[in-house]
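Participant: For the record, the sequence lines run as chains E and Z. Using our numbering, you'd call the opening residue of the first sequence number 1 and step up by one each time. Using our numbering, you'd call the opening residue of the second sequence number 1001 and step up by one each time.
The set of hints was computed from the structure by calculation and includes no laboratory data. Quick caveat, the model's predicted, so the values are computed rather than measured. Don't take each hint at face value.
Claimed, not checked - In silico SDA-like pairs for lysine to any residue, Cα to Cα no more than 25 Å straight-line:
| # | chain 1 | residue 1 | chain 2 | residue 2 |
| --- | --- | --- | --- | --- |
| 1 | E | K64 | Z | G1059 |
| 2 | E | K64 | Z | G1029 |
| 3 | Z | K1041 | E | V8 |
| 4 | Z | K1120 | E | G63 |
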Amino acid sequence: MLILTCPVCGVTAEETEFHGGGEAHLTRHGPGSSDDDFEDYLFMRENPRGVHFERWRHVYGCGKWFHAARCTTTLEVFGTYPAQTTEPPKDLRAKISKKRPGWTWKDLA
Amino acid sequence: MSEPMTAGADGGIAAIAEAPLQGMITLRGDLSDDTIRAAVKSATGQKVPERGMINTADGVGVCWMSPDELLILCAHGDVPDKLHQLQESLSRVHALAVNVSDARAGFILSGPHARDVLAKLCPVDLAPDRFAFGQLRRTRLAQVPAAFWMLGEDRFHLICFRSQKQYVSDVLTVSAQPGSAVNVWSKTISGT
């Protein structure tokens, strides 16, 4: 079970108070994009063993979206950060590097 | 409205009573905005609470619901006046104040095991030093959303959506049924 801390309201609770929103930091491709880009956006998702970045919503609490970094094998939560960003904060990435040297996720490392 | 549903006398481990009609106004807007903070202060006498807190006195309260939402509690009959006052003072800022008194139902839980009754249903750390008077917690109660705060030692006010009132009343009654004391947070209070 994941224990997540909502960065918006500061509440720490287990995952049943939240709702997962899938992979984080997607680049949206809409009308006018190439078929390949659109297909990637619609269907192609990461399925990593290890470090993963996701969107979550505090559905039973403040109702806000946020991001979480976690490990898919150990369910360790490295940290959560606000939704209003296109990439994980530097200090969180440094923290993950300490715990999981050599991790990669899409074009992040 | 306020008849006890499970009294401690029936052998239940906590008293569960339906709360009397409660006036509620939802206020959405930028909570750091001075105009909004002043409007809340003049309508309720209370400051805008810190994150996750509730400010209350004399039956009038302000609950922090999310970074852009407050729930104002007052007497049911005072809502039209307070709403008018808020809407007047907020006419020039981007904010929304609505009467939601009938959207939610309330319950009062009391007794030395009240903490345990809630802890059985909600994924919340209810240790006395982790959840105390002045805090407000929105969370999941069994399968539905709810929020609660403390009225005093061993007394909780819980609100849920009115459409789910019967369900909440049922799960609370089960959680407080006779002989179901778990003595996690009530160990020092009761020898049972």
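Participant: Give a verdict on every hint.
Facilitator: Structure-based check of each hint:
1. As the CA atoms of K64 (chain E) and G1059 (chain Z) are separated by approximately 29 Å, the hinted pair breaks the 25 Å bound.
2. Taking the CA atoms of K64 (chain E) and G1029 (chain Z), the gap is about 15 Å. The hint holds against a cut of 25 Å.
3. At roughly 24 Å between alpha-carbon atoms, K1041 (chain Z) and V8 (chain E) fall within 25 Å of each other, so this suggested pair holds.
4. With a CA separation close to 23 Å, the supplied pair K1120 (chain Z) and G63 (chain E) stays within the 25 Å bound.
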